[in-house]
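A.B. asks: These are the residues of each chain, in order.
4 protein chains.
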Amino acid sequence: MINADLLKQLIEFRRERDWEQFHNPKDIAISLSIEAAELLEWFQWRDKTEIQQMLETDKREALEDEIADVAVYLSYLCHDLNIDLEQAIKRKMEKNAAKYPVEKVKGRADKYNEYS
Amino acid sequence: MINADLLKQLIEFRRERDWEQFHNPKDIAISLSIEAAELLEWFQWRDKTEIQQMLETDKREALEDEIADVAVYLSYLCHDLNIDLEQAIKRKMEKNAAKYPVEKVKGRADKYNEYS
Amino acid sequence: MINADLLKQLIEFRRERDWEQFHNPKDIAISLSIEAAELLEWFQWRDKTEIQQMLETDKREALEDEIADVAVYLSYLCHDLNIDLEQAIKRKMEKNAAKYPVEKVKGRADKYNEYS
Amino acid sequence: MINADLLKQLIEFRRERDWEQFHNPKDIAISLSIEAAELLEWFQWRDKTEIQQMLETDKREALEDEIADVAVYLSYLCHDLNIDLEQAIKRKMEKNAAKYPVEKVKGRADKYNEYS
Chain A
1 MINADLLKQL IEFRRERDWE QFHNPKDIAI SLSIEAAELL EWFQWRDKTE IQQMLETDKR
61 EALEDEIADV AVYLSYLCHD LNIDLEQAIK RKMEKNAAKY PVEKVKGRAD KYNEYS
Chain B
1 MINADLLKQL IEFRRERDWE QFHNPKDIAI SLSIEAAELL EWFQWRDKTE IQQMLETDKR
61 EALEDEIADV AVYLSYLCHD LNIDLEQAIK RKMEKNAAKY PVEKVKGRAD KYNEYS
Chain C
1 MINADLLKQL IEFRRERDWE QFHNPKDIAI SLSIEAAELL EWFQWRDKTE IQQMLETDKR
61 EALEDEIADV AVYLSYLCHD LNIDLEQAIK RKMEKNAAKY PVEKVKGRAD KYNEYS
Chain D
1 MINADLLKQL IEFRRERDWE QFHNPKDIAI SLSIEAAELL EWFQWRDKTE IQQMLETDKR
61 EALEDEIADV AVYLSYLCHD LNIDLEQAIK RKMEKNAAKY PVEKVKGRAD KYNEYS
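Heads up: the protein sequence lines correspond to chains A, B, C and D, in order. Quick note: the first sequence uses the working numbering, first residue 1, plus one each step. Quick note: the second sequence uses the working numbering, first residue 1, plus one each step. Quick note: the third sequence uses the working numbering, first residue 1, plus one each step. Quick note: the fourth sequence uses the working numbering, first residue 1, plus one each step.
To be clear, the hints were calculated from the coordinates, so they are not data collected in a lab. Incorrect hints may have been included.
No distinction is drawn between identical chains; accordingly, a pair holds when it is met within one copy or between any pair of copies.
As the list claims (entries may be wrong) - In silico SDA-like cross-links for lysine to any residue, where the CA-CA straight-line distance does not exceed 25 Å:
{"no.": "1", "residue 1": "48", "residue 2": "102"}
{"no.": "2", "residue 1": "90", "residue 2": "2"}
{"no.": "3", "residue 1": "90", "residue 2": "57"}
{"no.": "4", "residue 1": "106", "residue 2": "50"}
{"no.": "5", "residue 1": "90", "residue 2": "80"}
{"no.": "6", "residue 1": "8", "residue 2": "87"}
{"no.": "7", "residue 1": "106", "residue 2": "44"}
{"no.": "8", "residue 1": "26", "residue 2": "6"}
{"no.": "9", "residue 1": "59", "residue 2": "107"}
{"no.": "10", "residue 1": "99", "residue 2": "6"}
Please read these numbers as outputs of a predicted model, since none were measured by experiment.
Bound conformation, chain A alone:
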């Protein structure tokens, strides 16, 4: 997913602090969920106009930080469980395409809600 050098940095970061001892798949999944909620919190109570404005100020950096946090835990999880993320995404998109063929679902909100 992220390039090999960056992944190496992430692995080294936790190793040199002797923090891999805390990382097991279930606790990483918990952490990913917590970070996803912090990402969502950036949008809490805000409407589309406010969000557009916030994205044009220095508030944007806080959002990018939360997105980074989610991506970091996703990277640790894929690394530790030996998951090829791009393969996993390809396979899931194939399942999605088969289940929701264009001609059946195009423009249909009900199908979108069932899909997502």
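Starting from the known structure of chain A, arrange chains B, C and D on it as the hints suggest.
C.D. replies: Leaving out everything else, chains B, C and D in the frame of chain A:
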């Protein structure tokens, strides 16, 4: 983050189904959070032994599907908000390293809990 | 929180199925988070108009089911940890009131975002 | 659910600060999810022994605060959508009991995982 061809596939997938109309940053953030919870659900009630066993069976594919779902929404969010994910991760890791220097935090669980 | 008879029913439900063995505080907290995401999912992609309409159809029952699921795990958690929920709420609201006095925050969106 | 006087306090708290303008069902559901993640965060990285110890120290109050936050948003949601929470719980437990009769599921972990 994910390679350019795969990202192109994701963007085309929602376009050809006329589904971009549903995608705005706040609703994508909501969806990412929902998928993170589905990822966590794979581990629900399970202990380390059960998890290890499950990873060696076909149950593993369901976990990879959920990880893919999180990665897909993360990709749409970064694409739509024009976020360079690797840059965002690099910057966040620099902040983390400055806040938690190795010599101060190595092996310290209290510092890890404060960090994460 | 919920009345004593209903709580007794919940405790009996898991006991007679020999399911308390799965309930420990961390796993109940995980489950509460998963159910909160399922509650949020009912609103996924929907705008205010659609939500208003959905609340007037039989779709409303699915939402009430998810709200019930969150409340059930909250009840198990408070029961198992011996937490007086009304006391906890009272104390938290006192902290909130002290931190956000009416005269300082009334009508201020920035204060509301900092508060919540 | 919570007693009528306490609910009145919650409703008055947001009214006197002119904060009901921010409360719509979808945004309350988002907030409930965020608070559920903060509740889960109290348990992040901790094993059963550490959790037991933490519950016997002043760290317990932070957990009770998060539980209170989830309960407060659940109360606002039920109030604003006119949902009788105890009725909703009763109905959901009846569905659960019908779907998972004692004689079929007692002691069966697989059935528990399917159930929850």
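A.B. asks: Could you work out which earlier hints the structure fails to respect and list their numbers in ascending sequence?
C.D. replies: As far as the earlier hints go, only 1 is violated by this structure.
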